[in-house]
Amino acid sequence: MRKLTVSHDLQSEIFAPTTPPPVWTPLTKALNKCKVGFATAGGIHLKTQKPFHTAGDFTYREIPIDTPSSELMVTHGGFDNSDINKDVNAMLPIDRLRELAKEGFIGSLTPVLIGFMGGGGNVEEFRNRTGPAIAKIFKDAGADIVLLTGGCGTCHRSATIVQRAIESAGVSTIIIAALPPIAKQQGAPRIAAAHVPIGSNAGEPNNKAMQTAILKDSLNLVGEMKEFGSLKLLPYEYRHNV
Amino acid sequence: MSMTKEHAEQYKNDPAVLCCRATKGTVIGPAELEDPAIFPDMIDSGLISIGPGTLTVGEVLGATLIRDVDGLTALTGELLEGVKAKAASPVQAVPAPSAAQSAPVQSGGVMRIVAQQITGLDMTIPMGVYAGAPAAECPGEKEWDEELGSLEKREFAVKEVKLGGKTLFENGVLTIREDIVRDALKVSSLVKKLEIDIITPDKRHVRTETVMDVIPVATKIEGDIGSGVTHILDDMVFMLTGVDEDGVQVHEFGSCEGMLDEKVIFGRPGCPDQNDIIVRVHAVLQRLTGMERRGPYAAHKACDFIIQEIRDVLKTKSATEASKTEILKSVRRHGRARVVLVKEIMGQGAMHDNVMLPSEPAGVPGGRQNVDLGNVPIVMDVNEVRDGGIHALCCIGPATKEVTRHYFREPILEALAADEEVDLVGVVFIGSPQVNDEKTFVAKRLGALVGTMNVDGAIVTTEGFGNNHIDFALNIEEIGKRGISVVGVSFCAYQGQLVVGNKYMDAMIEINKDKAGFESEKLAENSITPDDAKRAILMLKTKISGIAVAPSDRKWNQEVIDQNQKTANAIV
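Protein sequence lines, in the order shown, are assigned to chains G and H. For what it's worth, the working numbering labels the leading residue of the first sequence as 197, then goes sequentially. For what it's worth, the working numbering labels the leading residue of the second sequence as 3, then goes sequentially.
This is chain G alone, in the form it adopts within the complex:
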């Protein structure tokens, strides 16, 4: 082959983030007709369930939708837990979800929500086993939408892996991220993010108005976002002092 004219001084001109292939399930129903589920990687479980292993755990806990929030707790070593200890709705807004179903903003809720601990999560386990298992629970329950939250950096990675599994199963998803760049880089189909610290993704503890607004905005975005990898910053701000 003839020698080609080359240069040793060229640099690529466009940054291409290395993301996994797109997954996408469009939402085709009105929100008030949708069955909604929620999964959190933030280490939430029933006080009566076995706590997570904080150095890495790919098991999950089923949380019945009628569980009083006072019976939930967090086991997660990757971030400051004080906000969740004050109000578990900051990570898993179970009370707010029930209120939204009652007022008719959404159609109904899945019988169980899912808690897992994504910190230091084993990628292969989450991708091949935990993600598909959680996806199946929501799919079998007839969910139209699943919202997710994550805690620390690797926790967002685990949450995004589970999110992708649910989306691949044919359920529209959105992650309410505290670390949106990680969710985006890991291939989250839809991302909402308020200006909140890790641990209060779903809004300031005991701030019902903010938690409701973040949930409603995120739910609306599921239908509004038309492209894989869409990210919307939400106009709510909360800073905590640990």
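No lab work stands behind these hints: they were computed from the structure. By construction, the Cβ of each residue, glycine as well, lies at the ideal position given by its N, Cα and C atoms. Warning: the hint list may mix true and false statements.
Some, not all, of what chain H presents toward chain G, calculated at C-beta under 7 Å [unchecked claim]:
#1 Ile40
#2 Asp508
#3 Thr544
#4 Val551
Chain G is fixed; fit chain H onto it per the hints.
Coordinates of chain H only, in the frame set by chain G:
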């Protein structure tokens, strides 16, 4: 486990950052460490900072924390005991995107092996490659040119265009029958009104509605598109503009209505040239059909009806009246690097469509629309493309769309066709479907197709930006994973930043020309130019030759583009 053992081994020379909060006495294993693959995003978002004293993964494995440490902390000597002896120096601050550190491939000269310690070495060096002087040319097929066919383009200069009683072309003066617009209205009931006027080069400061297309006037004398003889009118071009009955511009992502001289980048491959006479056809479409596939298509058909009457006159001209004749040979260049040009076009209905291989060059009737073909890849001969094989129904913003004239003189195609170092085997057009599953389907077909072409390299371009970048990434991946060198060409800059990517997108050409990196709503501003083609082809040849292209900066940086241009201009 944040990282597996294997992962930690792979990243042993990268900075060590604790993934989650850990207590005093914790022995650092792969499980405690954050994955270096996601550091750049974490640095960008301010989640971690990696100082000059940060130890590497290899150094900290097995060491013990001497106090409680928060998650996402870069590990330094003060936090640990039992740190391994330094394999190398500590990490040099934040890993900034840097120029290539690649080992250049030496095509001649000597091979030098330096080792401090070596045992049991068993090397086989092929004779002939390093044995003699000019090692540059690999043994292989002999160079020779095989002529496959040719296209004769007879060009007729136009001095003046006027409206009159009958369509005529005599002595360089084109007369267009004034009442032709009345007949053209019969083409479609969706076209409610048509106007025609002439814009000479000295009268560019006129109001225009959004430009839907720029179309050259050409007609077949002998043969099909891509072969035989074609007559072309020079120094003039048709321009189609459109609104609907409510005055809504026929456009998608931005429109370019305004003063013509401010809204058109004259001289771009797709635009009128500075000295071209413009015949403007303005269509008013039935209300609310501007964003339906049938509306814009009706406008293109009506405009083509007018052009056809000129084509019919042009057919009667003899070869001796041509002001210029060009023979474009279709040549297989044996013994040269085989390359393919892949043009991603829109395929989502409305204006997102193209007519392929119409009966007349750059025409409409007789062609097939890529949306109807399911957007699957379609291969065209190089001469088919430059003989008007694509009529663009145009889409996306004015600045990034490729209009019909663009394909008539596509800069990368022209440069590859003229380049004797390569063999341009053909041009593949692939649509960008609306449905995600179909995107994967067509991209996989592209990969399989290009895989059969036995090519060394491919340039993949796309018009527009946004969801078609998902196709763009898939198309590049499907070709790249077959071991074929790929260069990607697109508008991304600020507004069109890629949302998806993969490891094959490591040699990319940015075609933005807007200072702020936006869809500027100026016709063809951010489309491919001959300068862009020069950089793209040099980058492709470099990649084919096994020479590394330095990784991009993490954000759009005009200086990188300018520097590449300087390099390309100096060499090419």
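Closest C-beta approach of Val551/H to chain G relative to 7 Å, hint status: holds, 5 Å
Is the shortest C-beta separation between Asp508/H and chain G less than 7 Å? holds, 6 Å
Supplied contact hint for Thr544/H, tested at 7 Å Cβ to chain G: holds, 4 Å
Using Cβ atoms only, decide whether Ile40/H comes closer than 7 Å to chain G, and label the hint accordingly. The hint holds - Ile40/H has a Cβ within 7 Å of chain G, the shortest such distance being about 6 Å.
Checked against the numbered hints given earlier, this structure breaks none of them.
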